[in-house]
Amino acid sequence: MKAIIQTGPRSVETQEREVPTPSADELLIKVHTAGLCGSDAHAYKYDGGYEWIPIPRIMGHEYSGTVTEVGENVETFEVGDKVVEEPIHDCGHCFQCQNGQPNVCQNFSITGMHRDGAYTEYVTVTPEHVHAVPEGVPLRHAAITEPTSIATRAVLDQSVTTPGDNVLVEGPGPIGMLVAAVADSLGANVVVSGLGQDAAYRLPLLEDLGIDTVNLQEEGGLDERVESQTDGIGFDVVFDATGHHSGVVSGNDVVRKGGQIVVVGIPNSPSELSLTSTVRGEVDINTSYGSTWTNFEQALRLMERGEIAVDKIIDTSYSVDDPAEAFEAFLDSETCKPVFQFDG
Numbered sequence: 001m002k003a004i005i006q007t008g009p010r011s012v013e014t015q016e017r018e019v020p021t022p023s024a025d026e027l028l029i030k031v032h033t034a035g036l037c038g039s040d041a042h043a044y045k046y047d048g049g050y051e052w053i054p055i056p057r058i059m060g061h062e063y064s065g066t067v068t069e070v071g072e073n074v075e076t077f078e079v080g081d082k083v084v085e086e087p088i089h090d091c092g093h094c095f096q097c098q099n100g101q102p103n104v105c106q107n108f109s110i111t112g113m114h115r116d117g118a119y120t121e122y123v124t125v126t127p128e129h130v131h132a133v134p135e136g137v138p139l140r141h142a143a144i145t146e147p148t149s150i151a152t153r154a155v156l157d158q159s160v161t162t163p164g165d166n167v168l169v170e171g172p173g174p175i176g177m178l179v180a181a182v183a184d185s186l187g188a189n190v191v192v193s194g195l196g197q198d199a200a201y202r203l204p205l206l207e208d209l210g211i212d213t214v215n216l217q218e219e220g221g222l223d224e225r226v227e228s229q230t231d232g233i234g235f236d237v238v239f240d241a242t243g244h245h246s247g248v249v250s251g252n253d254v255v256r257k258g259g260q261i262v263v264v265g266i267p268n269s270p271s272e273l274s275l276t277s278t279v280r281g282e283v284d285i286n287t288s289y290g291s292t293w294t295n296f297e298q299a300l301r302l303m304e305r306g307e308i309a310v311d312k313i314i315d316t317s318y319s320v321d322d323p324a325e326a327f328e329a330f331l332d333s334e335t336c337k338p339v340f341q342f343d344g
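Numbering (full-length UniProt numbering), first residue to last: 1 to 344.
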């Protein structure tokens, strides 16, 4: 079978591997579509904080597929079922897991990072980490269930967003785009901010989704948008999906008194946020990491209802046989959600 292997920093290639054999407690899944996200790109570059990831390994953690073989001890799935995997596997017994916080498990492991992943034709996985895909959700759509679940957690669980709120999403990458889409589905007034590098592909894509955007370098910041959209009061909720240490600082400048900032992107270095105005304005700063079983189900239901314009968001133009092209295009902001199609 074909598999996309990371062989070194900024080095990936497609190799042939043996099809894995499932144990009695596992499913064998034929991968249909697998997505590329920001954490994959960080791992590809071997950025700081990602040096623990083993090389070589099969990359990829967000995917959809069909069950092709069922271990003799598995009773919950059948051959032919459409499924997605929760790639962050919790231990089930640490304090956080016992306390209903498995997304921040002390002993978690991630498919495609701690172990071989889903950029390949077949994977094995135990059924407790698998979700059935609703009949009305195509497998190419289901492939982005995992990043959509991160967005549902950020918006539905970790924020106070309600219909009619003025919401700013900083960063038009895949998570920022999906956060904007989920907030938009609630009836919030959403605007997404980006930089000049986002003007060619990502900001126009958001506009095509019906979501307002602002090019910070072209418009010189957000002051005009704060005045026109919020009557100068400030945004009710700001989602920082930049992954840059400046995101929470700029968000703090435009959130209203009594508003909320939710940090979704993982900053690449320490922030220089001064908390004086934050405290005096009683601004709530929250964070959102990963997702839970419920968030996966929420993501699948949103896609089933047609609330997420998946066909516009995913980019199927990249080949399994030339994976580096997809990674480099992603890093250059020439695409937002490239996917590799292994079946169909």
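Don't read these hints as lab results, they were simulated from the structure.
Keep in mind that a hint or two might mislead.
As the list claims (entries may be wrong) - Cut-off 20 Å, straight-line C-alpha distance, at most; resulting in silico cross-link-like pairs (EDC-like, lysine to aspartate or glutamate):
#1 Lys312 - Asp165
#2 Lys30 - Glu72
#3 Lys2 - Glu13
#4 Lys82 - Glu297
What the hints assert, rightly or not - Estimated spans, in silico, between C-beta atoms of each pair:
#5 Asp343 - Trp52: 52 to 60 Å
#6 Thr316 - Gly258: 16 to 24 Å
#7 Glu282 - Thr7: 20 to 28 Å
Ideal Cβ placement from N, Cα and C applies to all residues, glycine included.
Looking at the structure, which of the earlier hints fail to hold?
1, 5, 6 and 7
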